[in-house]
Amino acid sequence: METKVTGKIIIVGDNIDTDQIYPGRFLAITDPKEIGSHCLCGVDEAIAPNFPQGGIVVAGRNFGCGSSREHAPISLLNMGASAVLADSFARIFFRNSINLGLLPIICKGIKDKVKEGQTLTLDIEAGTVTIEETGEVLQCERLGDQAMKILEAGGIKPMMRNRFGK
Amino acid sequence: MHAIEKILAKNSGRKEVKMGEIVTAKVDFAEINDLYLQTVYSFYEMGGEKVWDKERCAFVFDHYAPTPDIKSAANHKEMREFAQKNGLKFHFDTNCGVCHQVMPEAGVIYPGMIVVATDSHTTTHGAFGAMGTGCGATDMATILMTGELWFRVPEIIEVRLEGKAPKGVFPKDVILAVLGKIRADGAVYKAIDFTGSYVEELNVAGRMTICNMAVEMGAKTAYMQPNQDVLDYVSKRAVRDYEVQYTDPDYKYAESYVFNVSEMEPELACPSSVENVHTLSSVVADGEVRLNQGYIGSCTGGRFEDIEVAAKILKGHHIPEYTRLVIVPASREVMMRCMQKGYIQDLMESGATITTPGCGACLGAHEGILAPGEVCITSTNRNFPGRMGSTEALMYLASPATVAASMINGTITDPRPYL
Numbered sequence: 000m001e002t003k004v005t006g007k008i009i010i011v012g013d014n015i016d017t018d019q020i021y022p023g024r025f026l027a028i029t030d031p032k033e034i035g036s037h038c039l040c041g042v043d044e045a046i047a048p049n050f051p052q053g054g055i056v057v058a059g060r061n062f063g064c065g066s067s068r069e070h071a072p073i074s075l076l077n078m079g080a081s082a083v084l085a086d087s088f089a090r091i092f093f094r095n096s097i098n099l100g101l102l103p104i105i106c107k108g109i110k111d112k113v114k115e116g117q118t119l120t121l122d123i124e125a126g127t128v129t130i131e132e133t134g135e136v137l138q139c140e141r142l143g144d145q146a147m148k149i150l151e152a153g154g155i156k157p158m159m160r161n162r163f164g165k
Numbered sequence: 000m001h002a003i004e005k006i007l008a009k010n011s012g013r014k015e016v017k018m019g020e021i022v023t024a025k026v027d028f029a030e031i032n033d034l035y036l037q038t039v040y041s042f043y044e045m046g047g048e049k050v051w052d053k054e055r056c057a058f059v060f061d062h063y064a065p066t067p068d069i070k071s072a073a074n075h076k077e078m079r080e081f082a083q084k085n086g087l088k089f090h091f092d093t094n095c096g097v098c099h100q101v102m103p104e105a106g107v108i109y110p111g112m113i114v115v116a117t118d119s120h121t122t123t124h125g126a127f128g129a130m131g132t133g134c135g136a137t138d139m140a141t142i143l144m145t146g147e148l149w150f151r152v153p154e155i156i157e158v159r160l161e162g163k164a165p166k167g168v169f170p171k172d173v174i175l176a177v178l179g180k181i182r183a184d185g186a187v188y189k190a191i192d193f194t195g196s197y198v199e200e201l202n203v204a205g206r207m208t209i210c211n212m213a214v215e216m217g218a219k220t221a222y223m224q225p226n227q228d229v230l231d232y233v234s235k236r237a238v239r240d241y242e243v244q245y246t247d248p249d250y251k252y253a254e255s256y257v258f259n260v261s262e263m264e265p266e267l268a269c270p271s272s273v274e275n276v277h278t279l280s281s282v283v284a285d286g287e288v289r290l291n292q293g294y295i296g297s298c299t300g301g302r303f304e305d306i307e308v309a310a311k312i313l314k315g316h317h318i319p320e321y322t323r324l325v326i327v328p329a330s331r332e333v334m335m336r337c338m339q340k341g342y343i344q345d346l347m348e349s350g351a352t353i354t355t356p357g358c359g360a361c362l363g364a365h366e367g368i369l370a371p372g373e374v375c376i377t378s379t380n381r382n383f384p385g386r387m388g389s390t391e392a393l394m395y396l397a398s399p400a401t402v403a404a405s406m407i408n409g410t411i412t413d414p415r416p417y418l
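Keeping their order, the protein sequence lines are chains A and B. Numbering that gives the first Met the number 0 numbers the first residue of the first sequence as 0 and each following residue consecutively. Numbering that gives the first Met the number 0 numbers the first residue of the second sequence as 0 and each following residue consecutively.
According to the in silico footprint, chain B covers these stretches of chain A (three or more CB under 8 Å from chain B): (1) 16 to 22; (2) 27 to 39; (3) 62 to 71; (4) 91 to 104; (5) 152 to 159.
Keep in mind that the hints were calculated from the coordinates and are not lab data. In this text, all values refer to a predicted model and were calculated from it rather than measured experimentally. Cβ coordinates follow ideal geometry from the N, Cα and C atoms, glycine included.
This is chain A alone, in the form it adopts within the complex (with noise of 0.2 Å):
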């Protein structure tokens, strides 16, 4: 699995809740890319249609509180993002992540020490995320033996056919 990612940010704020990544009103949609097209709308409409393709995604504290929607993991993943960093995550929403290959990191105080559009690195295995612009290396947190075993399967399903055979 790749272990280093790379991308632009968009930075949002704290507590943000499953009904602003992905509202209610749209749940019944099952197409991904659809899914994909109203991530984040209950925060601001222009965010998906404008989202860096491979971007990443900085948050304050409990992002992904709220609802066991899958819909937001999987609309976060469809909108291009390939990973989260964030003061903190509510775990169902790091479970439903860690399943689907999206990276939920752990990274204290990411949300000031950045600034919206910089490109940053993140290396899952080192803990650290680089601020491409400025050269900063900033700490974050590394992933558990169980979430790494998933994501180095590619991810819940693949694990799970190879598991039955499939």
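Start from chain A and add chain B according to the hints.
Just chain B now, kept in the frame of chain A:
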């Protein structure tokens, strides 16, 4: 060990488990709600053929009950086909209600079990001494294939609730007061054990309301030691034998918070965060808050006791013109009990709208959506921006009694003079 750890140990075939350990545990019941057709898709994508146990999993069609549009109708159709193909013993279609009310009523929730559902409010079932937790669509699909899920054994924090609630203070007020203190991320990845004399005396409905909102602090699960009220409830309904688990007397909690319920007041979570909690008296003192809509319903505040108090407050009053009250009983059983007691009649005479049991507008799906600039007071669990419709609408979370009292004049009102 804590009771939650004993449940995890038992279901993972171990003598004991330790905080931070990853265990793979058997799931006693798995529930999929109707937002999660992705579960069926993920099941097939991963090579699933038949569910592991057709008596231990079920769909509940609650978020789109009955269906508001063609897309949700098509989703229900695919889910029904999956349920029928697998010969599922339990199926809860659009005539049943909210999953967290319907499952205990059907007897599939009992002490000492693990229940996992595709819904964050699965913490509700701690009210019964069960370990309930929410998961996403694909985690659920892995359960349908294997009957198991991996868990990190959580840190357990104690929220001790002592004393007796004064008049006008309901379980919803108590949990809002707790939430205001512990905050929206104060229990992320952790379990909350609610203890204390208030909990020991609390009825099933009140316990469910409090455990339900544990997830609003980020909790993985909630727990309350079953009392006689719980045992009476489950003994009449449980579809399986069960074993109540008890926490060892020498168990040390990671943290303990103590609240004196006797000194609490009616509370509100103000727009637009569940942790923006203030006493109702302080909000009212700051000036009149005019309302467009009141809402009583959901897995938090749509039970018999919630509708009963609202009916008693509103009987003989009429909701002002240009203000509306939407009441969504949590289940068919709840609605039928309320009908037998005449509460539905009383509420309709006061001008309320009664809708089909289910989740309704709680998550902004249908039946009571808010327009930009509108203000709503609600007995539900979340007031996130856009939760009930427009991101420019404002929501106050309150007890059902406060919602009902606020409908008398169409402004946020203290329920105490009306009780």
